[in-house]
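Student: Heads up: the sequence lines are chains C, X, W and L, in that order.
The first sequence stops at residue 144 when you use my numbering, and every number in between is there.
The second sequence stops at residue 144 when you use my numbering, and every number in between is there.
The third sequence stops at residue 144 when you use my numbering, and every number in between is there.
The fourth sequence stops at residue 144 when you use my numbering, and every number in between is there.
In short, the hints are calculated from the structure, not lab data.
All clues stand as given, with none of them false.
If several chains are the same, the list does not tell them apart, and a pair holds so long as it fits within one copy or across any two.
Capping the alpha-carbon separation at 25 Å, the derived lysine-lysine pairs in DSS-like fashion look like this:
1) LYS124 x LYS91
2) LYS91 x LYS76
3) LYS105 x LYS91
4 protein chains.
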Amino acid sequence: MQNQMSVLEMNRFLTSAFPEVDTRYRVRELPEMGAIIDKLPDPRDLRPGGTLSGAAIFELADISFYVATLAMIGPKALTVTTSAAIDYMRKPEAGGMWAEARILKLGRALSVGDVMLYSNAHDKPVAHANLTFSIPPRESAGVK
Amino acid sequence: MQNQMSVLEMNRFLTSAFPEVDTRYRVRELPEMGAIIDKLPDPRDLRPGGTLSGAAIFELADISFYVATLAMIGPKALTVTTSAAIDYMRKPEAGGMWAEARILKLGRALSVGDVMLYSNAHDKPVAHANLTFSIPPRESAGVK
Amino acid sequence: MQNQMSVLEMNRFLTSAFPEVDTRYRVRELPEMGAIIDKLPDPRDLRPGGTLSGAAIFELADISFYVATLAMIGPKALTVTTSAAIDYMRKPEAGGMWAEARILKLGRALSVGDVMLYSNAHDKPVAHANLTFSIPPRESAGVK
Amino acid sequence: MQNQMSVLEMNRFLTSAFPEVDTRYRVRELPEMGAIIDKLPDPRDLRPGGTLSGAAIFELADISFYVATLAMIGPKALTVTTSAAIDYMRKPEAGGMWAEARILKLGRALSVGDVMLYSNAHDKPVAHANLTFSIPPRESAGVK
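Kindly generate the complete structure, drawing on both the sequences and the hints.
Tutor: Right, here's the structure in full:
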């Protein structure tokens, strides 16, 4: 199976579909059935003790798997998360993060996979998430 | 077991500890071993199709369970999420949401429970999350 | 929405569809959109320390939600688990257990809900699980 | 970090600690921070349609991560599952399965990781699970 979108096309799509999101994430690479995403530092995500909020890390996982799925099926913006499970393993330092998403099953109706989440400050994963996305049945006309 | 904090104290704590979060959430009620939280509408949470982002709903679950736990143990800001699993069930309409958190086990090191998430637009739950929080071993001196 | 099956019909269905399972579980009650199931003690489920295996508790959750779903949609044996998340909270004593399953959303393709799991030895929940089941698209002719 | 147990020692430990389990699982390999486990076919795990029960697949995930953890910390039989999330992706054919467990974080109190589950019949994963185990605080004297 081949990617339907390049890194450039994906970053452009995110800019137009999610103006808010775009300023905080950048698609770095789109390997087959996967995505590598950078999360730029954002003071709003900080929590007491200089750590990142669990919700900010979850958002990175969610967006990374969304990008990995869209890269394979094309820009169907209405693709939505149906379930997710996340384990937080290490304290993320303030500063940027990055994520590596991997699709384990891409069916007609569902995309299932996981995301490993890293802090730029060290090598070991900060968190690990499993996600399932629902793919809309008909080709949507992109973003309205 | 009794609540350690009132609704007024909790809203004040959130304002001082999480200035960003505070403008978007309001503690409505603190029943024993639980919390009811209102999420104010926020245009940044919107997604194509007029729905809310999965990450915004996750954040509401996370904060609701955080508040439920802190109400029982007092304002230990360093309490952190260790794992979470969320099922998205219905499309949340644009507009406000609210959540009902319930602690199922409050141990010395862990708080385990679930959160039911509702859109203001209809009665049925939009999502349901299970969460586990780690409680810091010693009384922290509150927020720094 | 009304139940499609009585407790008697459900116990008979389980006996014919899952001879192995039937000797270990008994449907006690089928409230609307839910099920209460008893798990008989089984020495094979024991683990060192006199506790029950996590997998045995998971099986009880899975079967309870299966029964709750089938009670609403009729005996479609091919209904299968698509995802599950379970939190283990307290050590289950050796001896029987029981479970209360609750459907939170029953759609045409998916049934989503949770199960609270109890040891007969005490009142507090031993574990809590979220489950999603996939419902086969066409009426299956029951068990073959 | 090095393994504390060899494949031979682990299979012997399982035989003595879990006589029931041992006849159904076989440790194939113990790479650092991981385990590869074979599940022998067992007619009791079959379900209508010739597929394996979700609970049987969960048990394989649970045991695989248990073995991976014990291989690193030594035979502390009281190590227990605290949470798990599993996604079922493809129908497992009747016949054997195997699993590859991977530890993502091994702390003093918790072991966190995931397990990829395969049917012997085809290459693609049948299911994927995230697990967290609690490690007992003091060296237990093995199995009693």
